[in-house]
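Chain H: place on chain P using the hints.
There are 2 protein chains.
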Amino acid sequence: MNNLLVAQSGGPTVAINATLVGVLQGVRASSKVDKVFGAKNGIEGAINDNLLDLNELIKDSEALDTLTYTPSSALGSCRYKMKDWKVDEEPYKKIIETFKKHDIKYFIYIGGNDSMDTVDKLSEYCRVNNHDIHVMGGPKTVDNDLNLTDHCPGFGSAAKYIATTISELERDINVYDVPAVTIVEIMGRNAGWLTAASALARVNGGSGPDLIYLCEKVFDYDKFIEDVKDKLKTKPGLIVAISEGIKDSTGAYVSDTMSSGAVDNFGHKYIAGSARALEQLVREKIGCKVRAVELNLMQRSAAHIASETDIIESLMLGQKAFDCVVNGVTGKMAAIKRISNNPYLVEFTAVPVSEVANHEKVVPLEWITAEGNDVTEEMMTYLRPLIMGETNIKYENGIPKQYRLY
Amino acid sequence: MNNLLVAQSGGPTVAINATLVGVLQGVRASSKVDKVFGAKNGIEGAINDNLLDLNELIKDSEALDTLTYTPSSALGSCRYKMKDWKVDEEPYKKIIETFKKHDIKYFIYIGGNDSMDTVDKLSEYCRVNNHDIHVMGGPKTVDNDLNLTDHCPGFGSAAKYIATTISELERDINVYDVPAVTIVEIMGRNAGWLTAASALARVNGGSGPDLIYLCEKVFDYDKFIEDVKDKLKTKPGLIVAISEGIKDSTGAYVSDTMSSGAVDNFGHKYIAGSARALEQLVREKIGCKVRAVELNLMQRSAAHIASETDIIESLMLGQKAFDCVVNGVTGKMAAIKRISNNPYLVEFTAVPVSEVANHEKVVPLEWITAEGNDVTEEMMTYLRPLIMGETNIKYENGIPKQYRLY
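Same order as they appear, the protein sequences are chains P and H. So the number in our numbering is just where the residue sits in the first sequence, counting from 1, plus 1. So the number in our numbering is just where the residue sits in the second sequence, counting from 1, plus 1.
Chain P extracted, bound-state conformation (with noise of 0.2 Å):
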């Protein structure tokens, strides 16, 4: 028996269940594979022996095609992060225990930085150990932030709920005529590419944010102020697009510096975000209508606004991450590189992992404008590809249908 597990990590996205059916695809499609199962929470599935069987779980086409356009993680994720096996060898010898168990000579791991880390991790202990299984990596991650990869599926998806979001937004804060700031806190820690994301709210003649601050470039209170007033003086209503993770100079967050002196009734501190920060901030400096938004959780899970790019891509990663592990490849991650963009055509390959693991892509400071208050046409030139299409997601009783494993 040669039996193949794929299992998937980290942040939910739109697109991760697409990657899964891109690899279940490909096990139908194969000789190679006998039986294919998933482990349950992500690789500690893998260390405690709980997987579920996939070929009696995911039995019809229409199961796939509805699992395909169903957020999240359908396999369930965690946020583990695999020692040395040198340090610590024990999981390390329980997932070889449970791979065993059920034949399991090829590994399918769909995530993001940590994901890649553990893949790199298990590929070389299987190889140093003599232990005939392939390790591959499907990516995923709605921040866009893996090395290697022209973006990263999930990201698309994200980007395209943003547009549309700000889009639909800029009418509503239009129709009143007094001056009002709106300030979008988008997700991003370290990299900004969601966050650039909402220029695209542009792409059909509509003025999308106003200013737009990403968390590569040191934000300045001042500037902002200052970037806000002038706008101002040209329309009443401001939309500003905030990553979470803009920092001061001092390379404090904004949200930590803000919020550090609120506590509440309790005496307990106040966890504000960075656009929160900055509404107080508005409030005070400029004294005009103002609001924090935060697209939250709903930026990573909107499938009902998918990009059909997105999710086409998603799948192919995990058609590729099949083809390539069955075929002998181990310790590498499915990749997109670019080819062209007018038309936009892609190429899916296979990268080390071990370049790809604990790095982090971000927004390359030349995309943001001098300023410091936008993207620039590259960054448009970059993006644009990404949200096009709409998906063929089907609707029950007025909502989406969604498949749910378990």
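These are calculated hints, taken from the structure and not from any lab test. Certain hints may be false.
For identical chains, the list gives no copy identity; a pair is met inside one copy or between any two copies.
Said to hold, decoys possible - Cut-off 27 Å, straight-line C-alpha distance, at most; resulting in silico cross-link-like pairs (DSS-like, lysine-lysine):
1) Lys84 x Lys290
2) Lys402 x Lys236
3) Lys402 x Lys232
4) Lys102 x Lys36
5) Lys290 x Lys82
6) Lys230 x Lys290
Same frame as chain P, now just chain H:
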């Protein structure tokens, strides 16, 4: 010349432009109206003679189609409450002046409670002073709190967004196997209809919110903490849906009570929502992972996931208001009367605006469970049809097309 003026007022919704389109369709199909004008920023546009020539601006059917699916008020809005004309006749005189200057014989005002008050006062003023001008109201309010209509345009689309979003959040929060509470704050200061709509996340077998608290019932902090603790015994990931306007036994808003002592580094008061306040409480009393999510402006502007039922009914209400106003009716509001639930059938009627203005239709207490933490099957029966169907919204360059009048 017999001209018609239309205006929009109050908070934006996804469906208010569909009602405008219904009026414009009425004008196109009828021989009773020569020209149609739009007042900019609601009744203020009529007072200040700030009119847009809609015959000139919206010429083709494609524009009408795009406008139908564009969120917020294309003509702008205002928050202007007219005083009684016996107290301040000046604005009334100015409106009549504008009407006479442009040969306006018919006026349709699309909006909520305050707008219906304007319709009431203005139609009465015209009647008493023998101005041959007919005034009709078109309902609109995301809060669903207008009297004498089964439900309000804009509500069904917001309900669809909320139900979909809760179902997506449910997928998102269930990936980890650790206790975590997600508190979702939904619009509604006095009426909990939108919060109740969160229960629609269950229509396809999902668990939806685990607890629902509407602003119609007194909010009990201790009971809330007990409810959360109880639910955490059965599953790790909880979703709690609350109205922004939940109040404690003293009648004080939960948001005010909880945040009243908090100040930031500048000594300014923190303005927190009710979800943020309860997030603090759960952190203190239970100590598990907890997160506040505000659906904020998105719930009233997410046109990309509008309810087809809502949009079609909103259009029909515009047509009904038009039909009434050109056939001698004045001082009334177009309204929806539900005929049956299965099949879902409605009739369009006209109701006395004096009985709509300054009333608020809140959720009947018998549609809330005895425990006070969920809604009843009667509520579900009422809500279900309102989110049915997806619209024909068009995309361009990856985001929905919008129509911008100015």
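Structure-based check of all given hints:
| no. | hint | result |
| --- | --- | --- |
| 1 | Lys84 x Lys290 | between (50 Å within a copy, 25 Å between copies) |
| 2 | Lys402 x Lys236 | between (42 Å within a copy, 23 Å between copies) |
| 3 | Lys402 x Lys232 | between (43 Å within a copy, 26 Å between copies) |
| 4 | Lys102 x Lys36 | within (13 Å within a copy, 80 Å between copies) |
| 5 | Lys290 x Lys82 | between (44 Å within a copy, 20 Å between copies) |
| 6 | Lys230 x Lys290 | within (13 Å within a copy, 38 Å between copies) |
Consistency note: the structure conflicts with none of the earlier hints.
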